[in-house]
Amino acid sequence: MGFAEPLALLFTALYGVLVVFYLWERWRRQLPVPSLLLWEAVREDTLRARRFRPDVLFILQLIILTCLIIGLARPYLRSDQGGAVGGRHIFVLDTSASMEAREGRRSRFDEARAAASARLAHLDAADEVMVVSAGHAPEMLLNFTRDHDAVAQALAQAAPVDAGGDLAVALAFVDGARQRSDVPTEVEVFTDIPRSQLPAALRDQVTVFQVGESDDNLAIEALQVFQGRFQDYRAARAYVLVQNFSHREGHGFLTVRLQEQVVNRSGFTIAARDSKGFLINDFPGPGRVSAQLEVSDALAADDAALGWIRPVTPVHVLVVSPKSPLLDDLRALATAVPALQIEVVSPEAFSAAPARPADVVIFHRVVPERPPPVNALYIYPPADNALFPVLAEAANVEVLDWNPRHAALQPLRPLAALPLQHARVVTPPPWSETLLSSRTLEREFPLAFAGEHDGRRVACITFDLEAERLLSSDNINVFLFFLNLLGWLSPDAGDAMVVRTGDVQPLPPFPAQPVQVQNPRGDVSTLAPSQQSIQPLVAGEYRLSSDGTRRTVLANFFDPVESDIGRASKEPPVFHHAALTPAGGLAAPRVTPRDDYRCWLYAVAAALCVLEWIVARRVVR
Amino acid sequence: MEPADSASDGAAALAAVLTPGFLRKLDRLHLTVRRSLSTRPGNTPMPRGAQGSGIELESHKSYGAGDDLRHLDWNAYGRLDQLLIKTFRAEREAPLHLFVDASASMAVPAGDDKFGFALGLAASLAYVSLRNHDPVRVVALSEALPHRHVASPFFRHRQALHGLRDFLLRLRPQGTTALATGMHAALREQRSPGVAVVVSDFLIPPEVYEAALGDLVARRFTVAAVRTLGAGERDPTTLFRRAQLVDAETGRQRFITLNQENLARYQQALTEHLGRLKTFCSRGGIVCSVADTASGLERTLFHDLPEQGLLH
Chain A
2 MGFAEPLALL FTALYGVLVV FYLWERWRRQ LPVPSLLLWE AVREDTLRAR
52 RFRPDVLFIL QLIILTCLII GLARPYLRSD QGGAVGGRHI FVLDTSASME
102 AREGRRSRFD EARAAASARL AHLDAADEVM VVSAGHAPEM LLNFTRDHDA
152 VAQALAQAAP VDAGGDLAVA LAFVDGARQR SDVPTEVEVF TDIPRSQLPA
202 ALRDQVTVFQ VGESDDNLAI EALQVFQGRF QDYRAARAYV LVQNFSHREG
252 HGFLTVRLQE QVVNRSGFTI AARDSKGFLI NDFPGPGRVS AQLEVSDALA
302 ADDAALGWIR PVTPVHVLVV SPKSPLLDDL RALATAVPAL QIEVVSPEAF
352 SAAPARPADV VIFHRVVPER PPPVNALYIY PPADNALFPV LAEAANVEVL
402 DWNPRHAALQ PLRPLAALPL QHARVVTPPP WSETLLSSRT LEREFPLAFA
452 GEHDGRRVAC ITFDLEAERL LSSDNINVFL FFLNLLGWLS PDAGDAMVVR
502 TGDVQPLPPF PAQPVQVQNP RGDVSTLAPS QQSIQPLVAG EYRLSSDGTR
552 RTVLANFFDP VESDIGRASK EPPVFHHAAL TPAGGLAAPR VTPRDDYRCW
602 LYAVAAALCV LEWIVARRVV R
Chain B
-4 MEPADSASDG AAALAAVLTP GFLRKLDRLH LTVRRSLSTR PGNTPMPRGA
46 QGSGIELESH KSYGAGDDLR HLDWNAYGRL DQLLIKTFRA EREAPLHLFV
96 DASASMAVPA GDDKFGFALG LAASLAYVSL RNHDPVRVVA LSEALPHRHV
146 ASPFFRHRQA LHGLRDFLLR LRPQGTTALA TGMHAALREQ RSPGVAVVVS
196 DFLIPPEVYE AALGDLVARR FTVAAVRTLG AGERDPTTLF RRAQLVDAET
246 GRQRFITLNQ ENLARYQQAL TEHLGRLKTF CSRGGIVCSV ADTASGLERT
296 LFHDLPEQGL LH
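One line per chain: the protein sequences are A and B, in this order. Position in the first sequence counted from 1, then plus 1, gives you the numbering used here. For the second sequence, position 142 matches number 137 in the numbering used here, and the numbering has no gaps at all.
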């Protein structure tokens, strides 16, 4: 058994007051009279006042006082497992990027954390609390515990991330925990999202403490660096999109730097809820491009963005092909693109271990018995090859579908729907994904597919590229697709990865494990050997290193929904529990089963009061 | 239990009495003595008794054998030719015994000043008696006193009033009441009866004061009982509502809440107490007067006691 309000036990000092009341009877004013002769006829008050002897009245009053004191102390019973019969609370702390917005001197997250701390302070000692952060993905920071100090510590250590959040997912997550709980569980959400914008099915199950009102935010919504795989920095250009999310005109400066050198600085005025684009050319060299807004707004996480301009790195391509007009097109292409170095060998002269290692090997109408240990592109593989079994031949087929997510097709949409003269129906291997597809009357089949196999990138074009005249202006999309595919097959290991915060990105290849990661805040962590991906949650530059090899990941916070920090209304908390009173605010009391004990004690005290009154009527005049 | 200011109260009461103006008022008063066995001649006329040798002619009677021929009225014999004997009103000394209750109960409630009242009354009666050349003595009665009493010598002249005052001023209320025992001890060597005035609150068992007063009557005293009664004693609601009452003489305690029921019980007990005292006195030919200290000494001396027949 325990007491939820142990300080109430200090009222036991009233026992002394009760005794004093009795002694007061004894100590009351003495009045000398000539004689008690005449007072003998008068009935004396009671014998109990003559000296302190606990009688039935005193015992009754003692029990009444004890009941009241214990009732105030709010007793509860512990279960057989030693746990108290207390309530459970799940604190959902919104850690999305919008919570970083400043409201006066504090951020929204500080206000939310303060509200959670205040709520924690008003909970009973026996209450269990779980802390869940609702950032890019819900995360349980602390499981149910009665250690409120640990809860306070978890709240103190929680921090918002530079990524969008999905509060509905977090609420669904905690709703499962709430339903699994065997005691009454309350979900209390500390967020900047109004309660009315939560999913209706979940909104009625939670109490929302909303913070934040400001809509003052200007954000970089995009920093796109355009640079072909075989283009150098002189041809690169960057496009910066600045969005004004506030409901009034926004002013500021945009500064674009290459490394630390300022490339462009532009002042701007953007109307309310409008956007403006900036095109930046003439970069003096390759390297990291940074765009920085100089504005005075509430949210700083979206005031900066990073990009990357690659240096020129030549690609050595070995073409294994019989005599073909395609070879002439490839030689012409190599002449036009200085970074592309093409070497042609016949199938008979091809060796899996050439004297000069190539970055990419193109097999045209040829499939070697033993695939080379480099990235390879197979064009129109022969019908009897063992690597890509050919099921049938097709003619005059059209590109009916394509995979826009693949790097080779991202800038090309849609592909021109020119019919392809010859194609082979090939069953794509399971490790590959289809890039282009068409269909015959019998089946759908790939026109191009690519994937990673045995640590190498492999792509296959099943239509006859020779017949399509690669450099013909009619097939510009096919030409661009070919170049993109060639660029995908020859990745520049020295390139920095540009990603968006919250996205899961595969790690670049490292020669050894483990990989150490230094995030933009300077925190260094070591990835587990089994971890093959990274999910940046803070915008900025991540530095990955392993055994002397260094890579860079540039994470940008581009999320127009999250950057739109203005809220239509600020809604007061609506306590979903029927017994909770909104007037109590953060200090709203909670009704738990142990309150029943208190009610019983008060009822016993009331009954004893009646009994004491009856006894007093008989004992005391 | 002795109140600290009882002496000062007594002195104040005596000072109020022993003023020329008040004494002039007392000059009009005389003690009414119904009988006296004193053989000493005095100035107090006796209503009945042996033929006295006074000068105030009372009556005539026919001569009988043995009558003193010195009282034969020869003038009447010459006019009426009958032998008539002149009888005179006897004038005897009427010693006044003032028994003052000096127990602790006379000092409480302090506001009632019963003891000061008793001293003032005693001084006044003593003055009345001394002015008539009757001897006066004061006997203080208390268990705390040696032999349960202390008696002053007889004062026989008005000039001795200051000595009487000094004696009274030395008295302090203390101890328990010794009405019967103290009185008996004080009268042990007193042969001739006189006037006995007992000033007390009579807050003792009735059989005790009945025995004491009965003893005086048996000694052929002209007895008067003055029951001093204060306002606080008559209406205790002016003193308390709820208190621990302490008996001033015995120290016994009693927890009393003075509600209507208890007040009625008390007042009934007081009425019965006074009624029994009056009944006893009436049956024994004892002058009984209830002197309310709140009404003042003058009302007792000039109204109550003359009405009861002790003074005229």
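By construction, these hints were calculated from the structure, which means they are not laboratory data. Computed from a predicted structure; not experimentally measured. For every residue, glycine included, the Cβ atom is placed at its ideal position computed from N, Cα and C. Keep in mind that the hints are not guaranteed to be accurate.
Label pairs and their calculated CB-CB ranges [to be verified]:
1. Pro573/A - Gln255/B: 55 to 61 Å
2. Val203/B - Leu63/A: 35 to 41 Å
3. Thr274/B - Leu63/A: 34 to 40 Å
4. Asp161/B - Arg30/A: 33 to 39 Å
5. Ile64/A - Thr274/B: 53 to 59 Å
6. Leu15/A - Arg237/B: 21 to 27 Å
Hint check, failures only
Result: hints 2, 3 break, sorted rising.
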